[in-house]
Amino acid sequence: MIWQFDLIILVFLVITALISLSVKDLLSAAMIFGVYSFLMCLLWAGMAAVDVAFTEAAVGAGVSAVFLIATVLRTSRRSSD
Amino acid sequence: MEIFEAISAKFNFWIYIIIMMIGLYAMIAKNNLIKKLIGMSIFQTAIILFYVSIGVKDGASIPILYHDQVHPEHHDESHGDHSAHSPSTDGHDSHAAEDRYLPELVVDGNDFANPLPHVLMLTAIVVGVSTLGVGLAVTQKVYREYGSIEESEILEMIKSGK
Amino acid sequence: MSAVSDFPDWGDPNSPANSYRLSQHYVTETIHETSVPNMVTAVLADYRGYDTMFETVVIFTAGIAIIGILRRFGNDDKDAAKPTLYTKKPDLIIDTTCRLMIPIIQLFALYVIAHGHHSPGGGFQGGVIFGASFILLAVSRDLQAAQKWVPEKRILNLAGIGVLIYAGFGLGSLLLGQNFLDYAILHKIMPATPIEARSHSMLGVEIGVAFTVTAIMFSIYSNLASNGSMKEGL
Numbered sequence: 000m001i002w003q004f005d006l007i008i009l010v011f012l013v014i015t016a017l018i019s020l021s022v023k024d025l026l027s028a029a030m031i032f033g034v035y036s037f038l039m040c041l042l043w044a045g046m047a048a049v050d051v052a053f054t055e056a057a058v059g060a061g062v063s064a065v066f067l068i069a070t071v072l073r074t075s076r077r078s079s080d
Numbered sequence: 000m001e002i003f004e005a006i007s008a009k010f011n012f013w014i015y016i017i018i019m020m021i022g023l024y025a026m027i028a029k030n031n032l033i034k035k036l037i038g039m040s041i042f043q044t045a046i047i048l049f050y051v052s053i054g055v056k057d058g059a060s061i062p063i064l065y066h067d068q069v070h071p072e073h074h075d076e077s078h079g080d081h082s083a084h085s086p087s088t089d090g091h092d093s094h095a096a097e098d099r100y101l102p103e104l105v106v107d108g109n110d111f112a113n114p115l116p117h118v119l120m121l122t123a124i125v126v127g128v129s130t131l132g133v134g135l136a137v138t139q140k141v142y143r144e145y146g147s148i149e150e151s152e153i154l155e156m157i158k159s160g161k
Numbered sequence: 000m001s002a003v004s005d006f007p008d009w010g011d012p013n014s015p016a017n018s019y020r021l022s023q024h025y026v027t028e029t030i031h032e033t034s035v036p037n038m039v040t041a042v043l044a045d046y047r048g049y050d051t052m053f054e055t056v057v058i059f060t061a062g063i064a065i066i067g068i069l070r071r072f073g074n075d076d077k078d079a080a081k082p083t084l085y086t087k088k089p090d091l092i093i094d095t096t097c098r099l100m101i102p103i104i105q106l107f108a109l110y111v112i113a114h115g116h117h118s119p120g121g122g123f124q125g126g127v128i129f130g131a132s133f134i135l136l137a138v139s140r141d142l143q144a145a146q147k148w149v150p151e152k153r154i155l156n157l158a159g160i161g162v163l164i165y166a167g168f169g170l171g172s173l174l175l176g177q178n179f180l181d182y183a184i185l186h187k188i189m190p191a192t193p194i195e196a197r198s199h200s201m202l203g204v205e206i207g208v209a210f211t212v213t214a215i216m217f218s219i220y221s222n223l224a225s226n227g228s229m230k231e232g233l
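Chains as they are written, first to last, in numbering that gives the first Met the number 0: chain A, 0 to 80; chain B, 0 to 161; chain C, 0 to 233.
Bound conformation, chain A alone:
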């Protein structure tokens, strides 16, 4: 594990987590949550946990973002906070 790489990804993780929780449009929140999952997958690949990274790439960045988008389109898109 290269610690510079690690630190950059962790800082981006915090930033994407904050953005996806603070943005008003729920569709963009779902997309930024996909970015968060992908950064998490990169971090795990760096930690030599390839199986976990593979699962997260398929599940977190792919399927759970699709589930969130489906629900957002079926309910309302605005958010008050």
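It is possible that some hints are incorrect.
[What the hints assert, rightly or not] No more than 30 Å apart at the CA atoms, straight line, and that leaves these computed lysine-lysine pairs for DSSO-like:
| id | chain 1 | residue 1 | chain 2 | residue 2 |
| --- | --- | --- | --- | --- |
| 1 | B | K158 | A | K23 |
| 2 | B | K29 | B | K158 |
| 3 | A | K23 | B | K9 |
| 4 | B | K140 | B | K35 |
| 5 | B | K140 | C | K147 |
| 6 | B | K35 | B | K158 |
| 7 | B | K158 | B | K140 |
| 8 | A | K23 | B | K29 |
| 9 | B | K140 | B | K29 |
| 10 | C | K152 | B | K140 |
| 11 | A | K23 | B | K140 |
Note that these hints are calculated values from the structure, not bench results.
Since the structure of chain A is provided, determine the placement of chains B and C on it from the hints.
Below, chains B and C without anything else, positioned relative to chain A:
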């Protein structure tokens, strides 16, 4: 200065705790139900990240044996330094039974990352996405009943309507 | 937060979790006992078989629960009165791209399932990718087009069959006189040595997991996207 050193030596764990607290804050304080679910996922991934990071070893490879180790008959065809993986002397070969697969192969425990946290967290991720699905289904049901996914509006309706 | 200073150093091979005898045993003895190079798959499907089996049951239960939460029974008229989200026009580029991509995605998913012993992958990942190919079909065309290939009844049957395959391997070893999910005894009905029998049974178990995960992923998506009516997707 001491506190700076204490933080920088284990900055990974500090950032895990920050991410976890962000998720907890979103679960408690956010007004929107979908935001709450995103916060729940962030909390979950932070804990999974902590577990995976426990299994990290310096200088260790991914927990899959090399092809050359599993198929030793290919040694002559592929060129390279196969002697790099010399048998270690940690006493594992003392109980070499006759019914073991590849009995001459000795795997050094410090060459590969710890597979146990990976296994536990792998199933946790897939279960996490199905719990996220259940949460989203409940959200849709709430929207069908009340026409809103804001917690304050729903509470208002419950108070005034019933 | 005060506990952070008690955590082990980063990447320390001698930390308590890494130097524990069980982890060391998994690393050093997996190849001898199961002939599987990928330790994660071996621990997932063999040493911790109970865990994985009940995780599969949890996923199955989640899929059933979502159907139970969202499905409207009886009154169809209220559902039909709702306006559609938007009318869908067939798009040549999206249609052609998805027609090219979906078989490739499915082939890759099968490779991931079948090659999970030797490379990263396995039942969970391959199942999710396979389910994602059906989701892509439903997104690019319509939910009805995907329903023609995988109707709901077939999906739920597949999910049940997946759990039953997993339990069947366990019961098979139980019937042959060993513990539940102790695959080594299955060499009596397989043309393999006891150690290879464990490897082959892991493949069978992974296929069972993949069935369930594929089916439930597509079931969750189609229920969420159609608000439980399974009539019209996004």
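**Message:** To test your reading of the hints: which numbers does this structure violate?
**Reply:** 3
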